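Using the hints, position chain W against chain G.
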Amino acid sequence: MIQTKKSMLMKSMLVVLGASVLLTACGGGSKGAASDSSEPTKIQMQTLNYATEFIDNTNVIWKEFEKRTNTKLDITWLSPSTSDEKINVMLASGDLPEVTFVETLLNPQLQKMIEQGVFWDLTPYLKDYPNLTAPNLAEMWSVSKVNGKNYVIPRYYPSYGGGAFPILRKDWMDKLGLQTPTTMDQLFDVLKAFKEKDPNGNGQADEIPYAANPDTMGFVYGVFNGTQGQWKLKDDKLVPVITQDESRDAVLWIKKAYDAGLFPKDFAIMKYSQTVDLIRGGSAGGTSQSMNHAWVTGEKIREVVPTADYMPITYLENAQGEKYTPSGAPYYGVYLIPKKVPEAKVKKILEFFDYAYGKEGNELATYGLEGVHYKVENGRKIPTPQSEKDHLGDGNMNNLIHLISDDMAIGAVGMPDDVYNRNVDIVNERKKIKTPEPGRELYSEAYNKYYPEIQKKVSDMRTKVIIGKDTIENYDKLIEQLRNDPNLQKVADEMTEAYHKKMSSK
Amino acid sequence: MIMQLNTSWKDRLFNVANLGLLILLSLAMVFPIYYTIVLSFTDSTEYYTRDLILWPHHWSLDAYKYLLGTGSFVNSLSVSVFLATVGTALSLLVTGGLSYAISCRRLRFRKSMMFMILLTFLFTPGLVPLYMVVRNLGLIDSIWSLILPSLTSGWYVLLMKGFFDSIPDSLDEAARIDGCTEISVFWRIIIPLSLPAIVAFGLFFAVGYWNTYFSGIMFINQQSKWPLQVLLQNMLVDPTTMGGGTQSVSMQMNRQLPTETLKMAAVVIATIPIMLVYPFLQKHFATGAMVGSVKE
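Heads up: the protein sequence lines correspond to chains G and W, in order.
For the first sequence, the numbering used here gives the first residue as 1, with consecutive numbering after it.
For the second sequence, the numbering used here gives the first residue as 1, with consecutive numbering after it.
Calculated from the structure, these hints are not laboratory results.
Note that the structure is predicted; figures quoted are calculated from it, not measured.
Misleading hints may appear alongside valid ones.
[Stated by the list, open to error] List of simulated lysine to aspartate or glutamate pairs, EDC-like, C-alpha gap at most 20 Å: (1) W/K225 with G/E85; (2) G/K271 with W/D51; (3) G/K271 with W/E260; (4) G/K265 with W/D169; (5) G/K340 with G/E53; (6) G/K256 with G/D189; (7) G/K86 with W/D51; (8) G/K381 with G/D418; (9) G/K195 with G/D171; (10) W/K263 with W/D51; (11) W/K65 with G/E388; (12) W/K225 with G/D128; (13) G/K42 with W/D141; (14) G/K339 with G/D95; (15) G/K149 with G/D128; (16) W/K263 with G/D128; (17) W/K65 with G/D171; (18) W/K225 with G/D56; (19) G/K477 with G/D95; (20) G/K195 with W/D169; (21) G/K72 with W/D51; (22) W/K225 with G/D74.
This is chain G alone, in the form it adopts within the complex (with noise of 0.2 Å):
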């Protein structure tokens, strides 16, 4: 079967390095007037749209950039919910579009079929690109290579801003005279606070200081173990975040806050959209969410309390006095170029990118047309009606191509002036902080194989004791056994020897 594929490729490798030298014998050197005068090239792409609406080849925005890149545009919108089967089988049938997203470069199929050479190694090509190549975005193309190569364009998602992270009510804290809080005792007393000193004003106890449920409330792993993601570098070894001791100190934290009634009583149960739900109402003091939250559901908790003001804190300490506060790399999903595509039209792909990575068709994607669109007011493009009619702002084109800017994980769309400019200032100082993500982008078969079941054992005896059902020691217990699992230990080796070869080939 691969052998037959791998023929198959050979010749198509043939038939496009025949009509590459045919179109270059034919082009006679003047590529600007050629490419002015030719057809558009015919571009089948396929990605995820958060949108509720998805455009399609009548909206206005899709239109201008076929018109400016003198392309054919054929998108397939994904949605975020379903994608993760779709692509799969996608990926397994072969039935790839000329231009293929993935949300992951850790996606096993993708990883097999990237060591087969079935997508195009964009490496030698990419100089060509100034907008692509640009050098705020040298770490996103760095930190995206595959032993050593460019195999994706990566889709770009600010590093900071982003992520699941406290949120509070500064008029609450302000009214009890509170200090944002910066170490995790400071945010149990403010938190606290909430709960006993009345700072509606309506003089019931009715608060929630924080609307939690066990995944909203990963930041305190981080926190105490004084890193991201579920591994942790010690003496040049990766080990699972589990079974630190950090993170038993940060479980009987979070107990501590259940059990002083910080809490929704359903915690355990609670789904994420219901925590939303219970700050948007006015009544709880808090949740984790991402900085353009402050705005997205800031404004609706101003239609229940019209004082409300709902604030990122930039980080959290531990007594080690390291710093935590989420970041992630510089991009999120890739897509990819399979080998069918011929390389006259790899180019050309690579040229449309090249065009939504600059700074025109990059607002061109999330603000539109100016004075159609948007309006510029003291250097702050305020949207018109009309953006709204043609579905920009909320996804759709700006899913393909993400702004490259803060504002794509701090702005929302109509927030006022002081929001935004308390959250630049919280992002930049934000960005001072780098708390280390040794296991970022590793891949190991035998993650993909065991990790995930470890982890949900763990989560759940974690939730267990939270909330009481289960104790401490039955949770030492478990750790125990972890630490001396054969296949626990399979998976770390696998992380490190993938850590030391991410290492060695930068």
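Using the frame of chain G, we list chain W on its own:
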């Protein structure tokens, strides 16, 4: 009646307890439906600020106005209606025809046809081959991709064959002697006689088509052709339950979540039409469900 016969206190206690338990049980079943309907008519601000809303202070049609105003919801609704009507009709035709054919003893190769149907019971090809077949037939993004692959199932064919088997052969013979052709035997004798079975199977198919979800995800890319269940999944399911990595979660969190009242209104609109079908088919259902259960 029983109450009058058994008047000892034990019996009465039992009856009261029994009645209470059953009322509680039915409340437990009815309440979620009631709550969903009430919430869908509640003002969204009120939903956030009140705990348990048994009767809203402010009634509001906003959620319905919003849903019916968005093109995608109406589109999806019409896709689902199309599937439930056209799909059901086609499925009945194919299932009925096939099972009648293999129930006729005169048919040659009947055994091997049966064997092939049984084969589909034992071996299912799996998702990737199915996807490739649908793609190579050029059905991706076509509504027919939601109908053709699921036109019938071996199980239904066997069930229906059981029903046809219970129609006496002599009836068929008599009809022929009176001058009926093959087709008119089917249309004028068999179909009217098996109406209960057809209605029952029609309901199975209709519910199945109405609930089309997985093939909708796999074969339909354009939002305008999504069946209702796919749209609902996209609207209602909690984003954090999806995706693995922390960043994936954070991206999902950037999504605007629809308000709870909107979700409830969507559920109501999606459920009511198919629920309305049941009462009308109820009378046929009892006979239909007996299919194959009585052996002579």
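These are the hints, each one checked on the structure:
{"no.": "1", "hint": "W/K225 with G/E85", "in the structure": "holds (19 Å)"}
{"no.": "2", "hint": "G/K271 with W/D51", "in the structure": "holds (16 Å)"}
{"no.": "3", "hint": "G/K271 with W/E260", "in the structure": "holds (12 Å)"}
{"no.": "4", "hint": "G/K265 with W/D169", "in the structure": "violated (67 Å)"}
{"no.": "5", "hint": "G/K340 with G/E53", "in the structure": "violated (32 Å)"}
{"no.": "6", "hint": "G/K256 with G/D189", "in the structure": "holds (12 Å)"}
{"no.": "7", "hint": "G/K86 with W/D51", "in the structure": "violated (39 Å)"}
{"no.": "8", "hint": "G/K381 with G/D418", "in the structure": "holds (15 Å)"}
{"no.": "9", "hint": "G/K195 with G/D171", "in the structure": "holds (15 Å)"}
{"no.": "10", "hint": "W/K263 with W/D51", "in the structure": "holds (17 Å)"}
{"no.": "11", "hint": "W/K65 with G/E388", "in the structure": "holds (18 Å)"}
{"no.": "12", "hint": "W/K225 with G/D128", "in the structure": "violated (40 Å)"}
{"no.": "13", "hint": "G/K42 with W/D141", "in the structure": "holds (19 Å)"}
{"no.": "14", "hint": "G/K339 with G/D95", "in the structure": "holds (12 Å)"}
{"no.": "15", "hint": "G/K149 with G/D128", "in the structure": "holds (16 Å)"}
{"no.": "16", "hint": "W/K263 with G/D128", "in the structure": "violated (49 Å)"}
{"no.": "17", "hint": "W/K65 with G/D171", "in the structure": "violated (34 Å)"}
{"no.": "18", "hint": "W/K225 with G/D56", "in the structure": "holds (12 Å)"}
{"no.": "19", "hint": "G/K477 with G/D95", "in the structure": "violated (48 Å)"}
{"no.": "20", "hint": "G/K195 with W/D169", "in the structure": "violated (79 Å)"}
{"no.": "21", "hint": "G/K72 with W/D51", "in the structure": "violated (52 Å)"}
{"no.": "22", "hint": "W/K225 with G/D74", "in the structure": "holds (16 Å)"}
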